[in-house]
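The residues making up each chain are set out below.
2 protein chains.
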Amino acid sequence: MLNDRTLRDLRAIVGDDYVRSGPAQLIAYSYDATFQQAPPDAVALPRTTEQVAAVLRLANNASIPVIPRGAGTSLAGGTIPLTGGIVLSLTRMNTIKEIDLGNTCAVVEPGVVTAAFQAAVEKAGLFYPPDPASLNQSTLGGNVACNAGGPRGLKYGSTRDYVLGLTVALADGRVLRLGGKTIKNVSGYQLIQLFAASEGTLGVITGITLRLVPLPRHRSTAVAIFPKLDDAGDAVTAVLGSGVLPVTLELMDQLAINAVEDYLHMGLPRDAEALLLIEQDGNSQVAVQQDIETVAAACKETGASNVRVATSPEERELLWRARRAVSAAIGRRAPNKIGEDVVVPRSQVPEMIRRVRRIGVEHGFETPIFGHAGDGNLHPNFLFDRRKPGEMERLEKAAAAVFRAALELGGTLSGEHGIGTLKREFMEDALGPDTLGVMRAIKQALDPKGILNPGKKFPTGTTGEHSGFLTALPMLDSLTGEE
Amino acid sequence: MLNDRTLRDLRAIVGDDYVRSGPAQLIAYSYDATFQQAPPDAVALPRTTEQVAAVLRLANNASIPVIPRGAGTSLAGGTIPLTGGIVLSLTRMNTIKEIDLGNTCAVVEPGVVTAAFQAAVEKAGLFYPPDPASLNQSTLGGNVACNAGGPRGLKYGSTRDYVLGLTVALADGRVLRLGGKTIKNVSGYQLIQLFAASEGTLGVITGITLRLVPLPRHRSTAVAIFPKLDDAGDAVTAVLGSGVLPVTLELMDQLAINAVEDYLHMGLPRDAEALLLIEQDGNSQVAVQQDIETVAAACKETGASNVRVATSPEERELLWRARRAVSAAIGRRAPNKIGEDVVVPRSQVPEMIRRVRRIGVEHGFETPIFGHAGDGNLHPNFLFDRRKPGEMERLEKAAAAVFRAALELGGTLSGEHGIGTLKREFMEDALGPDTLGVMRAIKQALDPKGILNPGKKFPTGTTGEHSGFLTALPMLDSLTGEE
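Residue numbers (the numbering used here), protein chains in the order written: chain A, 1 to 483; chain B, 484 to 966.
These aren't lab readings, by the way, just hints derived from the structure by calculation.
Be careful, since some hints might not be right.
[To be verified] Below, a list of computed lysine to any residue pairs in the SDA-like style, where the Cα atoms sit at most 25 Å apart:
(1) A:Lys449 with B:Lys932
(2) B:Lys580 with A:Ala120
(3) A:Lys388 with A:Ala401
(4) A:Lys123 with A:His218
(5) B:Lys926 with A:Lys388
(6) A:Lys228 with A:Asn258
(7) B:Lys638 with A:Ser242
(8) A:Lys300 with A:Asn336
(9) B:Lys638 with A:Glu393
(10) A:Lys388 with A:Glu273
(11) A:Lys97 with A:Ala120
(12) B:Lys638 with A:Arg152
(13) B:Lys783 with B:Gly814
(14) A:Lys155 with B:Lys926
(15) A:Lys443 with B:Gly656
(16) B:Lys580 with A:Lys300
(17) B:Lys926 with A:Lys300
(18) A:Lys443 with B:Ala928
(19) A:Lys449 with A:Ile13
(20) B:Lys638 with B:Gly656
(21) B:Lys638 with A:Gly241
(22) B:Lys783 with A:Leu101
(23) A:Lys97 with B:Val769
(24) A:Lys449 with A:Ala62
(25) A:Lys449 with B:Lys580
(26) B:Lys606 with A:Ala297
(27) A:Lys155 with B:Val769
Computed from a prediction, not measured in an experiment: that's the story for all the values here.
Same shape as in the complex, but just chain A (with noise of 0.2 Å):
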């Protein structure tokens, strides 16, 4: 709880209207897209950085925990204010302040809404590549935090290749600003990078130049049918061997194919263990034709029973829409979900595809899995009831299974969701105890009374790997989840 005066004082840093501190306003920032849910003490919902930096040193002042808070679309319980603390809500923060023609960048405020700056950006005659799913209600802000990625990133890369610039509040109060309109800068440390995907632990991000690129003017896109998975993997590795490097390779396994399927009655062939979408884009007709006819012919000596290229947009946008469809599919089929982030090398995609498979198994899980194939960056799905007496235990071990194949087979925990609460107990075993160590030393020099998104990214080390590093986290009432 915040005393009196800490409340009077917030107030008169943000304004008495953009405090928030009533139990059913409070309510609302206290969970995220995962199941988690715990109130924080107050909201505020700063205007400027000044009053972001005024909020900051008040409360490393009183050492009050501070969450800093986008759209909430984390699926990793990066903004869940498990102390309780102020949440530091960004979304008025959310001018496109330039796009600048000459440089081709932006500068922005972090509240920007992703698919509302590439819309702005696109009737301008350039391109933002980077897609999250979530892209219609999250924000800039958050996407950098969490470096943000999407189907988009074979090709384009993640949120974190597009910052130039980046105006961060630390915790005590201090103001950075870092970079700017200048592409290339090595004259410090690249802090802009240590910022990304530091899941607000070690400051706020206020203020954001994002690097901007050529519209393409054409794309395509082709859907390839795999009667064997293994073939699917295969295709992977032919097409980015056949010099062609599409925009996008995505993956839906045989479980996704059909939920889908049940969903969209679209006639995707229920017995395929694969499906590949594939995208390419450029500025020549020819030249994108000609790719996604290398890549066709690549599936089908590689194993494809048929490969479909859209001739038309509203076909290409049918495509996409099975694609889209999927999370939703998938959440139809059970009372809950819980999507994992794990990345593998990108020649292990068919073994991890099939452990996952195993693990479902094994423990009592459907577990249909799509993802960013060309990256090696998979989101299996876990269906479940947590209603169900033990469910929730099973469903530790069985995501448990999937992190250490993951690290087995070369691979990492998130490539785009982040930590967050959800995977932070496996954090040792990912990186090891002495970058681990290194992170802390890099988290005490910046954020010194540990202010900063307490709880996230880094393991508490309080629960066993495999008891209670889910169960253990206060419980929303309903669980809900998309990628």
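Once you've looked at the hints, dock chain B against the given chain A.
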């Protein structure tokens, strides 16, 4: 001076043959591609990560400076042993351990020469784009530590965009194994990016996993001649606004053109204020040709008097010869030269060139300029004769004025050469005290005794901005440099 015990320990770690301590041997490791010289107390040439870690433990316990060194091609004084200590030469760790076609990546040791790596990768049908001008000598470890760039950076980014994994030995001998063959990874802080561009001040890179991309099948190169410098600046904006992102957009100003023409007698137009060298690549000859035609049209519309597209590989080679010869051609015009590496927002390139020229005239220097106009990264060169009384003092004033101009235009000190010793005193002006404070806190957290590459990247505060920041450095007899 190292005591006998330390030398004996050093020999025990890396082997008798791989410790150098004779005066003639030390001289070989006392300079780089700048004008500075300071001998180390010993040189150790380790073969393994474990040896590197053991040398660091030894040095850290005894508080001996350690200067990691690749090929010593630094243009910023990055490897000068300012205060003696042990040069850790990584040139024996020069094995390409694996080129992994399935995961389109390679695992290398830090001492592999960049050009040798590129040749091996291209033989395997893949492509490693970063192309610093020193690539025939420079090593991949040095490239990562400085985040080396090159002409292809516009389309392909710089070295750090290709680093998937890094093995790093810390000052105290702990070894971090960061990342791996996964393309995406948000499990920890982006420490790989922190070590990139850290110039050996945070750790010693002993292993690198590099992302590779498909080798483009076609290339096309054009040169555009501009009677007016401003028009060349407008052309850069017009090209990037045309929807095409070329591989390179290299600029040479009139002085650079004339220096090359004096040297090579190629028939370059001496009265042109600027030329742009433009290259595009891709898998479709049609698309590449189409892009180059779009670029040519944009150049003509903005005032190019002539755009010549190479019609054969030989002609392409000829066009590149002019660009590659520019540093040597400039070097012939005066006993000494120093090349700066400032970056400005791309739209400020013409203004920056005008300011550099004015600074040159004011301080009495010829200042040919070339560089990566598409990235806003310019190499203004100062031609001088250090034997002339007062020349170095005037050079200092002129260089300081160039730094100030870049910062005033929203730019920065270095795009690819690094800070080293040459620009360190301007770091506070460039980054501000708070950002510098965060850098110092991170340095302190990772290297509390300050043994790693002391005197680099951070301002010493011992010299004023305008006096002594160059002249107080320990000097080599003859000045050279190439970028």
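These are the hints, each one checked on the structure:
{"no.": "1", "hint": "A:Lys449 with B:Lys932", "verdict": "24 Å, holds"}
{"no.": "2", "hint": "B:Lys580 with A:Ala120", "verdict": "46 Å, violated"}
{"no.": "3", "hint": "A:Lys388 with A:Ala401", "verdict": "21 Å, holds"}
{"no.": "4", "hint": "A:Lys123 with A:His218", "verdict": "16 Å, holds"}
{"no.": "5", "hint": "B:Lys926 with A:Lys388", "verdict": "51 Å, violated"}
{"no.": "6", "hint": "A:Lys228 with A:Asn258", "verdict": "15 Å, holds"}
{"no.": "7", "hint": "B:Lys638 with A:Ser242", "verdict": "21 Å, holds"}
{"no.": "8", "hint": "A:Lys300 with A:Asn336", "verdict": "37 Å, violated"}
{"no.": "9", "hint": "B:Lys638 with A:Glu393", "verdict": "49 Å, violated"}
{"no.": "10", "hint": "A:Lys388 with A:Glu273", "verdict": "30 Å, violated"}
{"no.": "11", "hint": "A:Lys97 with A:Ala120", "verdict": "11 Å, holds"}
{"no.": "12", "hint": "B:Lys638 with A:Arg152", "verdict": "17 Å, holds"}
{"no.": "13", "hint": "B:Lys783 with B:Gly814", "verdict": "32 Å, violated"}
{"no.": "14", "hint": "A:Lys155 with B:Lys926", "verdict": "34 Å, violated"}
{"no.": "15", "hint": "A:Lys443 with B:Gly656", "verdict": "21 Å, holds"}
{"no.": "16", "hint": "B:Lys580 with A:Lys300", "verdict": "33 Å, violated"}
{"no.": "17", "hint": "B:Lys926 with A:Lys300", "verdict": "53 Å, violated"}
{"no.": "18", "hint": "A:Lys443 with B:Ala928", "verdict": "10 Å, holds"}
{"no.": "19", "hint": "A:Lys449 with A:Ile13", "verdict": "22 Å, holds"}
{"no.": "20", "hint": "B:Lys638 with B:Gly656", "verdict": "38 Å, violated"}
{"no.": "21", "hint": "B:Lys638 with A:Gly241", "verdict": "21 Å, holds"}
{"no.": "22", "hint": "B:Lys783 with A:Leu101", "verdict": "20 Å, holds"}
{"no.": "23", "hint": "A:Lys97 with B:Val769", "verdict": "39 Å, violated"}
{"no.": "24", "hint": "A:Lys449 with A:Ala62", "verdict": "10 Å, holds"}
{"no.": "25", "hint": "A:Lys449 with B:Lys580", "verdict": "44 Å, violated"}
{"no.": "26", "hint": "B:Lys606 with A:Ala297", "verdict": "24 Å, holds"}
{"no.": "27", "hint": "A:Lys155 with B:Val769", "verdict": "21 Å, holds"}
When the structure is compared with the earlier hints, violations turn up for hints 2, 5, 8, 9, 10, 13, 14, 16, 17, 20, 23, 25 and for no others.
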